[in-house]
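Going down the list, the sequences are from chains H and C.
If you're matching positions, the first sequence starts at 1 in the numbering used here and goes up one per residue.
If you're matching positions, the second sequence starts at 1 in the numbering used here and goes up one per residue.
A few of these clues could be false.
Stretches of chain C that chain H covers, calculated by requiring three or more beta carbons in the stretch to come under 8 Å of a beta carbon on chain H [unchecked claim]:
1. 132-141
2. 163-173
Covered stretches of chain C, as calculated for chain H (at least 3 residues, CB under 8 Å) [stated by the list, open to error]:
3. 58-67
4. 76-88
5. 181-192
6. 318-328
It should be emphasised that the hints constitute simulated quantities derived from the structure, not laboratory data.
Beta carbons are placed, not taken as given, at the ideal position from N, Cα and C, and that holds for glycine.
Below are the chains, spelled out letter by letter.
There are 2 protein chains.
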Amino acid sequence: MPIIAPSRRTIMAGAGALATAAAFNGSAGIDAAQAQATPVTQAPGFYRYKVGDITVTAVNDGFAMRPIEGFVRNADIADVRKALESAFLPTTGFQNSYTTLVLQTGGKLVMLDTGLGDNGPPTTGTWMRNFRAAGFDPAQVDQIVISHFHGDHIGGIRLKDGSMPFTKAEISVPAPEWDFWMSDDRMNAAPEAAKAGFANARRVFSPIAQQVKRYTPGAEVAPGVTSIAAHGHSPGHTIFGIASGVGKLLFVVDITSHPALFVRNPDWSAVLDQDPDAARATRRRVLDMAAVEKTQVAFYHAPFPATGHIAKAGSGYELVPVQWSPAV
Amino acid sequence: MPIIAPSRRTIMAGAGALATAAAFNGSAGIDAAQAQATPVTQAPGFYRYKVGDITVTAVNDGFAMRPIEGFVRNADIADVRKALESAFLPTTGFQNSYTTLVLQTGGKLVMLDTGLGDNGPPTTGTWMRNFRAAGFDPAQVDQIVISHFHGDHIGGIRLKDGSMPFTKAEISVPAPEWDFWMSDDRMNAAPEAAKAGFANARRVFSPIAQQVKRYTPGAEVAPGVTSIAAHGHSPGHTIFGIASGVGKLLFVVDITSHPALFVRNPDWSAVLDQDPDAARATRRRVLDMAAVEKTQVAFYHAPFPATGHIAKAGSGYELVPVQWSPAV
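The task is simple: from the sequences and hints, build the whole structure.
Below you can see the structure in the form of structure tokens.
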């Protein structure tokens, strides 16, 4: 989901998040004694869990405040407010948060999406600090697998200054995303407001066009990681089945925006879904499968650590978060 | 809630938790390069949020696995399993976790309960590392306010070797708890299995009996913190209303054990409730008040970070966790 300009309040909050991350990296910037006296920082935004032999680390990239006006195409704003209220969330807007997955699988370090890098508003961009706090180094990453080409999923591949932090990583992207976003015909035919997405895809990928691997959804893209076509949110939006032994995790990526809105009301359409009807059908299909099979799921935009199970609830579903465990 | 002996599985998990904490304190014990190569540790267990001008830090002390056999006095074990299953938890036992609150309020550093110190099983005892990871030092603590005298709430006051880590802290306890647990008549009249609780209260408090302040539930016990009688779980079990400006938090302590069991089924009685009928009435009263007033609550034994809101659900309630925020 693209991001929006943050309010002053969220900018200040973002500064707090930055201070946090600095404190946990020992790369200070804040005076240790001062921090000791009146600590104000949040814990680092990573959470680790196992899927069979695979170690999964959810890494948070901050959030952006999203106002609700005009956000749901086919629901009355009063109903949107009611949905937020019943989840005890603010009713004027919500924290849209960003959480990627990092996998230690088959001896490789594999990222599923990248966060925004330094290309987002000040309340985002905490991914690298959280990644380092989790004990990782970007130079170690063997592979980056991309779900789709929206800026909050690919921005981290290339920073504003053009540099690429993941120096040795092979990059794999869904072929249908590449075909859509890198097509000059598609770009030229797009409405003016949509052109930025095409430009950003070119900014990120054009200099490495020869090296980027394009996979066909359905293919195994990394050890234990199978890609699954889940088009609608974007033309080639792809989700991932992660399996090891009896362990299973379904990374549903942007099958929904905030679960309090779209898991509860799967027939609602966010303005960000490029093909609302296809997105709705895909959402129903994936949520129903997760509910029936009781598979653990991970979302990109659910509240951190963004993993849980799907239960049927009335005509929709609900996301039941996992119990936080200090034991990985 | 008292703890039980951990299984081999939980001991191994506990070792992981210890390694985590060590890694985040720079007090290593594990080789940094090794950790870098294959990080396996969890993020530190603290979470910070605001209640008006008061900064609240939830600090986790690990967990103990609790088997379900005999745990609920008045429910069929099949129904207990069903409740766990519908929360997507293991049905043979559950992680009973421990989370205290640390408040920065009115220029003072105030703890509400202490965790187990080093008096619990190996999957516990992570409190001090998490507290330090949150930027605090035990020598800074101005005041410790105790809710009740069960070992997982008072153990941290005095370690196994007799030492007291909170060197300058004033300690306040509920007068009815003191009167019950420090009474030799009560101890002598107690069944053999209950005597350990009396012995532990003496171990912790006898050497400082003259310095411990005894408060009457209803009193303001720290800046912005009002104690509220909530007897039943123990004879003097006390909860806390925390208020600053329009901010409000109700720390319901042991009004329930795991919410998936007792918030959903408030008429069930855990074997740990010393007066089951009083505990049940108190639980109904407090949960209903929180639901009606939509007050944010914190629990001692809810999944970390153990804070959320109470919604009515059928004949019971459910705990809706807060959305994790990187911004404090």
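Verification of the hints:
no., hint, in the structure
1, 132-141, "holds (count 6)"
2, 163-173, "violated (count 0)"
3, 58-67, "holds (count 3)"
4, 76-88, "holds (count 3)"
5, 181-192, "violated (count 0)"
6, 318-328, "holds (count 9)"
When held up to the earlier numbered hints, the structure conflicts with 2, 5 and fits the remainder.
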